[in-house]
Each structure stands twice: as C-alpha cells, then as structure tokens.
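> Using the sequences and the hints given, assemble the complete structure.
There are 4 protein chains.
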Amino acid sequence: MSKYGFLGIGIMGQAMVTNLLKAGHEVTVWNRTAERCNLLVDLGAKQGKTAAEVVAQCEITFGMVSDPAAASALCFSEGGVLEGISTGRSYIDVSTVDVETSCSIHNAIKKKGGRFLEAPVSGSKKPAEDGALVFLCSGDESLYNDAEEALNVMGKRSFYFPQIGQGAQMKLVINMIMGTMMTAFAEGLSLGDKVGLEKNDILEILAQGAINNPMFQLKGSLMAEGNFAPAFPLKHMQKDMRLALSLGDSCNQALHTSSAANNAYIRAKKDGCSDEDFSAVIKSIEQ
Amino acid sequence: MSKYGFLGIGIMGQAMVTNLLKAGHEVTVWNRTAERCNLLVDLGAKQGKTAAEVVAQCEITFGMVSDPAAASALCFSEGGVLEGISTGRSYIDVSTVDVETSCSIHNAIKKKGGRFLEAPVSGSKKPAEDGALVFLCSGDESLYNDAEEALNVMGKRSFYFPQIGQGAQMKLVINMIMGTMMTAFAEGLSLGDKVGLEKNDILEILAQGAINNPMFQLKGSLMAEGNFAPAFPLKHMQKDMRLALSLGDSCNQALHTSSAANNAYIRAKKDGCSDEDFSAVIKSIEQ
Amino acid sequence: MSKYGFLGIGIMGQAMVTNLLKAGHEVTVWNRTAERCNLLVDLGAKQGKTAAEVVAQCEITFGMVSDPAAASALCFSEGGVLEGISTGRSYIDVSTVDVETSCSIHNAIKKKGGRFLEAPVSGSKKPAEDGALVFLCSGDESLYNDAEEALNVMGKRSFYFPQIGQGAQMKLVINMIMGTMMTAFAEGLSLGDKVGLEKNDILEILAQGAINNPMFQLKGSLMAEGNFAPAFPLKHMQKDMRLALSLGDSCNQALHTSSAANNAYIRAKKDGCSDEDFSAVIKSIEQ
Amino acid sequence: MSKYGFLGIGIMGQAMVTNLLKAGHEVTVWNRTAERCNLLVDLGAKQGKTAAEVVAQCEITFGMVSDPAAASALCFSEGGVLEGISTGRSYIDVSTVDVETSCSIHNAIKKKGGRFLEAPVSGSKKPAEDGALVFLCSGDESLYNDAEEALNVMGKRSFYFPQIGQGAQMKLVINMIMGTMMTAFAEGLSLGDKVGLEKNDILEILAQGAINNPMFQLKGSLMAEGNFAPAFPLKHMQKDMRLALSLGDSCNQALHTSSAANNAYIRAKKDGCSDEDFSAVIKSIEQ
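Residue numbers (this note's numbering), protein chains in the order written: chain A, 108 to 394; chain B, 108 to 394; chain C, 108 to 394; chain D, 108 to 394.
Don't read these hints as lab results, they were simulated from the structure. Any given hint might turn out to be false.
Identical chains share a label here; the pair holds if one copy fits it or two copies do between them.
For lysine-lysine, the following DSS-like pairs were computed, each having C-alpha atoms within a straight-line distance of at most 27 Å [as the list claims (entries may be wrong)]: (1) K306 x K263; (2) K376 x K390; (3) K129 x K263; (4) K377 x K390; (5) K390 x K129; (6) K390 x K153; (7) K219 x K232; (8) K153 x K110; (9) K376 x K218.
Shown next, in the form of structure tokens:
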C-alpha cells in the first residue's frame, strides 16, 4: 500500500506525481484514460483500477481535475472517491472549483467518516514541475498537518484557512487578477503593435518598471513569437473567470474590468483557442 | 549659465532636479508657482524668471508638467519655452502627452533652429527619487546623445525611437497596462474582502506567484491600510488612460478591458480621489 | 374543483389571477405567505393549503415565482407541485428560469404522468393588469392548446416553441436587451444632466425619434422625478441578466455591452436598490 | 440670389435639399466633389463654385458634413464659409460635432458680423427624405426664428437651447443611447441565434413588448437578412460615441455600458464595416 494516491494525470498531475516519486514516496495513480499513467508507472508509480480502489488503499489521496463538474464526477460517480472513503481515509482535492462543489464533496466525505481538504493550487505547468506550487487549503486541519510533507514536495508554500470554501475562493481571486492582467497586457501589446512599436521593445521597457512580473517575462516573448503551447489552457482560465464573477455576483461586488476580460476569453474560445495557453487571448484581441 | 534647465517642479521635477544637483550639475529651475522652487534653491539651484529665460540661458532644458494642455501652454504661451529657443538651444519634454502635442512642439522648436526630444518617463515618485526612471525618447538623436549624462543621473535606462511621437506612444502603452492592472488588482482585493478573506493574506499569496510585481508589493499593503498618499496622482493616470484609449480609437484597436478600467478612474474622480494616488480607485470599486 | 390553480401571488400573480376571475373562471390560489391571497379570495378565488393540493384539484395550475431556486423549491419541496401531479394534471410555470431548471421540472412531471409547459412572460405589472402579457411557451403542445383560453385572458399574444427550454431562452434574450437598453438610457440621462441639459428635454427629443419606445415613455418621467416604485424589481432584472450572460458563456457568445449593464445592476443592488424598479439603476450611475 | 444655401451633399444633404426644392424654395448648393450636386441641379438647384460664394449670395446657408474636422475645414479653409460671412449673412451647421468645434465656428462668424446657429439633426436617411428630422438648435435666437420655415420643411420638430454647444451635446446624448441600444439589440439577436432561436421570432416578440421601437422594426429584419446598406454609416456612429464618451470624461461621468458599445463599433471598423450601416456592428458581435 502506498502512502499517497493521485487521481487525474493531466499536465499538472504528471508533474506533481513525478516530484512525489523523485522524493522517494510510493504513489498509486489513476486516470480515466489509463494510458496517461504509463510514464509515471515507468517512473515507479503503481496504478489503480478505479478511483475508489486508490482511495481505499492509500492514506492520503490527491485529486486534480479540470473543473467543478469533473471534480463532482470524480467524487460521486460509480467507482469514484466516495466509494473508497471510510474512517482513516483522506482526500485532498487540489482542483480549482467553486464553493458549492467543495462543500458538497466535503460533506459527503465527512458523513462516511473520512477527512477532506480542499487545496487548490496557485501555479501552472512550470511551478508544478519545479515543486514550486502554492497550496490554498481549507477543511480538516489535522489532514492539512498530515499532508505537510507531500505539500512541501510539490509546492514551495501552503496556506491554511479554517472555513471550507475559502481555499477555492482565494484561488478564484488570484486567478481573476491573473486573467485580467493578461488581457490588459494583451491589449497593451496589441495597441503598441498597431501604432508601429515593436512588441519586444515594449517587453524590454516593461521589464524595467514597477509592473514587471514573471508572467509577463515568461509569456511575453512567447506571445510575441506566436507560441501558445498550453501551460494553463485558456478554457480553464475562462472557467475560473466565470466562477470568480459568479462569486462577485453572489456578494454584490461589481467587477467591470474582470467582466470585460472574461468576455475576451469567451471570444477567444469561439475563435478556437480553448486548448491553447490562456495568453492566446491576444489573438482575438489583435486580430 | 547652467548646463541644465528644468521647468515644472512638482512631485517628479523636485526629485529629478535634486538628483542632478547631487551629481554636481548646475541647474536653473522655474515653476509657475515660484515658491515650489525654494527647496531646490536651498540645495543650490538657480531660479529663472520665465521659462523662456531658462531655455535661453541653458544648454539643455527639461520640462515636466502634468498633461498635454499644460505641455502646450509651457511651450507656446507668453514667456514660454518657444521664446527662449534659438540655434544651439535644446528642449526635452519629459511629460506624458499625446502624439499630436508632441509633434506640434517638435515642429515649432525645429522651425526656430532648436533641437527637441520627447522623453516621457516610466516611473513615479520613488524611482524619480532613486534615479531609477526609464526614459522613452524620440526626436533629435544628437540631443539624445548630448543628454545622456543627465538622463543617466535621473534614470536607470533610456530608450531611443527614431520617429517623433513614439516615445509618447510607448509611455501610453505602458501606463495603460499599469492602470488596468491596478483596477484588476483592486477588483480582486475587493472581491476577496467581500467574501471574508483578509487582504493581507491575498497579498501574501500573490507575492508567491507568477504575477508578483513591485507595484502590488509597494502599493498593496498601503491600500489595505487605506493610505493613498499620491506617488502618481489618480487624475494623471486617468489622463493617460484617456490618451491611450484615444490612440486605440485612432487605429481601430478595440480595448474592452482598458476602457472598463478607465471608467473606474473616472468614477473615482467623481468620488473625490483625483489628487490621491491612483491606487485609490479601490475605494470606488469596493465602496 | 376549479379549472385553474395559481401558485405564487406576488405583483404579477395578483394581476394575472384578477384577470382570470374577472373573466368568470374559477381559480384556486396558494402562496407561501398565505395572507397575500386575501384580496383574491375577496374577489372570489378559493385558497389551497399546499401547492400540491392545488395541483391535484385543478385541471391546469400556473406557477409564478421569482427565480430558478424558488421555481425548483415550488416544484420539488414537501407539499410542492410534484406531489400533486398525476395523469391528467398539468402544470404551467410562467416564472423566468434557466434552461436547466426548466428541464428538470419538465422531466420530473412527465415521469409522474403529468403535462408541463414552460411559459415565461414578457411584460411586468402594467401589462399583467391589462391582460397584455406575452407568453413564450415550450413543452407539451397539447397543454399549450388546452391553456389557450386562460393565456388569452392574461395575455395579448402567445408563442409556442417545440423544444423545452426555448421559452426560457427567448425570455432571457428579450430581458437582456431590455436591461441593457435601460442602462444605456440611464447613462444618456446622467450624461445630459451633468452637462446641464434638462432630463425632460432629453425625453421629449427621444420621443420624436427612431428609438422611441413605451419603456422610455413610461419610465423616463418617473426616473426624472426619482420615482422608482417597483413594476419589475431590480433584483429580478439582475437575475435575468445573470442567467442570460450564463447562457452566452455556455455557447461562447461574448456579450460586452450586456456584461457592463449587468455590473451596473450589481452595483445598484449594493447601493440598496434591489427592491426598487430596475430603472433605479440610474441612481448608481449618476450618483 | 437664392434664399437658402446648402453645403455638403451626402446622403442627408441630398434628401434635405430635395425637400426644400419641392417646397418651392430656391437653393444654391455646393459640394467638394462637384458632381454629387448634379441630381439636385436637375431638380432646379443652382450650384456655387465655393462655399464662400454660396454663403455670400444666400440669406441663410446650411452646412452638413460628416465630423468635427470636416465642419472646421468647411468653415475655416480657403474658400470656406468664413470668407463669405459678413453682416447680414447667416450660417446654420446641421452636422454633428463636439462643443469645442461648435464654439470656435460660432465665435469666428460672430466676429465677422454674421449669425450662427448650430442645429444638429436627430434622424438619418429615411426621416431626411420624409421631412421628419428633428433639429436641436442653439446659438442666435433670431436666426432660429428666421430659419423656421426651412426647418419646418426639412423636419417635423425643432428645439432651441440658449447656450451654444447644447444642441451638439443633446445630439451626442441621443446618439450615444441609440448606438448602445443597437449593440444591446445585436447582442440579443446573436445570443438567440447561437442557442437556436430564429431571429425573426425574436423580432416578432420584441414588437409586442415595452421596448418596441422604430429602429428595431426598421433595421431588425434587414439585419436578419444581412442587409447593411448605409442609412447612418457605422463610422459616423462610432465618431458620435467617441465624442459622447469624451464629453462624459470631461464631466467625470463614468459610462461603462456605452464604452463597451463604443469598443464594439471600433472592432467593427477594423472588421471592415466603416461604410456600412451602423447595424453592421452585429457582424463583429456574432462572427
């Protein structure tokens, strides 16, 4: 029996499990499309037949899927997380979901005697590979403490908030700022380009100033080249924007700038950029 | 006779001239409200009676005022820059203006035999004090070379673009991104606050991630405290947003996110925040 | 036993049942807060103890509540519509809801052998009183035909779309246009007022032109007077905007103008206008 | 000598002069591209060689051009209106311009002893042909009275505001509402289309309700067919939106909805719709 289980082997899960394995931990993995586990199995991971089986056989199981519907399905469907939960079993959902989804999973797992932590991550492909993610946790505090070693392997920092749902909310706030910064950046690059300035000059000047940040540095030159290989797929950013705006709606917080950004991502989805990096929003803005 | 003249002694001019004086240069200053020069005179500056007098008596004169109308007035009004210009005299406008204003000043000075450089700065109070501004220059290249020593004292980096107006355009692009990033940041903090998250937790988590930048770090905690002492006054940011959007309009570049941000600053002006730091836009967003 | 049942006696239900009674129909009514039925009972209506009882005792029962959650609760809760449904019983939901809610009610009722029609109305208090509503129906076509007499009493026109959910979608499209027209109107009146034009002059000139419409005529002068007595409460308009934007999100249709309008309503809710007429959005825009 | 002069023979001027001629008035016309006057000459108009000549020879001369720059050029350029002005000569500018342009023309004409009225019109091609325009006048009240007969021929109603610039401002307020209503309408039709509703069904239902208006009725079916023959060219609507937003900026009135609409028109210009009817904005929204 492995100490850790891991469900959902996409861009993020691949990198996170690799780091757990490198650190010497036993990990049992599962993915809906089983072949996506092959590389990890080659690196020493065991593979489970169902999510339920993994949860039942591991002390702590992590889940990383793409949206609230997938997170619910992973937990509640046949052969899902909930079937494997019993006293002594623990589940940590590191997906980005809304508060309602997080609460419903939390309640179901508690009812069966298990422990639950929501722990959405800040950071995409590169930080995942570097073990530099940030975990935004809320739920069972004892589980947060027991998971510390694994969180430290996969991430550089973790935060604990007492109330379930607050991890999800914090993640949405961060990603809403990030998503809107990206459309602001893309609008600036597009405007500069239209008036005859070189994108690389704009990037060099931004690098000197008060708004210089890793995202502009990392993605700016890729955007100038037209390279939109997905680190964080655009459709997932748009999903996070949607959830954040819905959160704003529920607490009467008008969000004019972020709503405009959200519409830019929706337009980019229509323009066929769903599976590219979210920086591909610049294509719809400048076209 | 001083080597350098400096017209317009506001937050920025004060800091820039101080650095020139500290570096051992003679500087002659002028300001519409003469008393604002007193501190600099105490530090060794000479004071001129009119802008024209300063321009006529110095090799290179810098001008730093708040908007296009002020820049035009400084140049064209009675006793203004143009009256002091003759062959051998040089004027560098470091204000942020639109392309049309820059071109009209450029043409008038060239006609009288003088040299002109537009050199809007990226950076506000703190970089000005630290000699860490970035100059975005276009116009007369020989003047750019002759001014190098002074630009190096006041700034950490300067860029030269051959076509007049491009310095202004680059500045507007940079400030539009900055202004929109600020409303994105403010919307995120406001949303977090409404759902019960601590602003300081949000700031700490942002500091770990891909969008961490000096502006969030510098202004974030001040905003959380409600301290909006002006480093870059909100009305000037709104002016830059307006000019950038007008540039977009002129080249058919739709700018949805930045337009929403501009409206947030306009609202903040109505709410009485014109002379506070531009980060005060958060007050109108979260109120 | 009455031919018609009616569940939900608010501004709209009151007027609709009054017209049914005036036309000589027997109507059995029910409302969560029972006293709201008193006026209708005085006019000759019978009163049921539960929604289920009304549905079980009437041929065709109408339901009119304020949002999708209320519509779901009315159907699925204890003593709700579903309990009263059996073969031969019919339910027509005239509330404005989203497609998912409409489908789930439709499926549940069909499973118990009943007939279901969704029939959201276009029109608020005044058209309801005048029997001039427009019904946007989809679902069971035989029920649509059987309800014709009642729909003709309460409304001036009804439309039938074959696919369940299309009535709801049509309603959202209409109300999104209406809600956005209102913020456009409010922005125009506010701008005019700021520059010194009389609101009544603006209204008189609008009345001469190509965009003259009953809503501007009816609400314009009330808005100029500051009279925001609710014909269609602002919180309901914001709910419809939210649902329409969510529909756009689901089919990748960017909706920049309507999103800005939605944020204006959200702001107005924060400013305390939820229960006023939706034209009260002007207060937040011009304040 | 004709009583009336008319400068600028575009879509609007053509129709307005035709009505003056039909009513039995003598009219002398002028257009930069002289051939555009041919049809009117066939109908009995005289043709002047320059704008100045027309102004000098007629009691009252009307000018109708497309934007502020053209209105300024028409007045101030060589052979322009101002050269023909003297005591006893009167000029009525029926173009839509900003307040500054209107004031500068007003001042120049007064200085030469002439009378000036700004009289922008509400209404496009069809009302112009039907003599059903609305004139929004400000400036010299005696000229307003003297022009009454001609205004009554070309329009169905005219308004007088005492302060110069108010006619222009009123026009901008009206057109901003109209332009934003159009993008709201276009978003609604696009959303409906995406979810499978027929545009003609949406139009029929709108025609029943509180927001029914001539613009929706006139343009809706043309839009559904994809017919965008220009009654009011999109580039002119975008110009009016820009001027209205600039007016809002100058008086600290945030205009979120109208700004979003303006960006939709800018996008449509980039998409090549400048010279089509402004309803062509739907193509950029739904594409």
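> Look at each hint and say if it fits the structure.
Hints, verified against the model:
1. K306 x K263: between (33 Å within a copy, 21 Å between copies)
2. K376 x K390: The answer is both: 11 Å in one copy and 17 Å across copies each meet 27 Å.
3. K129 x K263: So K129 and K263 pass the 27 Å test inside one copy only (16 Å; across, 43 Å).
4. K377 x K390: both (12 Å within a copy, 14 Å between copies)
5. K390 x K129: neither (38 Å within a copy, 48 Å between copies)
6. K390 x K153: neither (42 Å within a copy, 53 Å between copies)
7. K219 x K232: neither (34 Å within a copy, 50 Å between copies)
8. K153 x K110: Classified as within; 11 Å inside a copy, 66 Å across copies.
9. K376 x K218: For K376 and K218, neither the intra-copy (39 Å) nor the inter-copy (37 Å) Cα distance is at most 27 Å.
Consistency with the previously given hints fails for numbers 5, 6, 7 and 9, ordered from lowest to highest.
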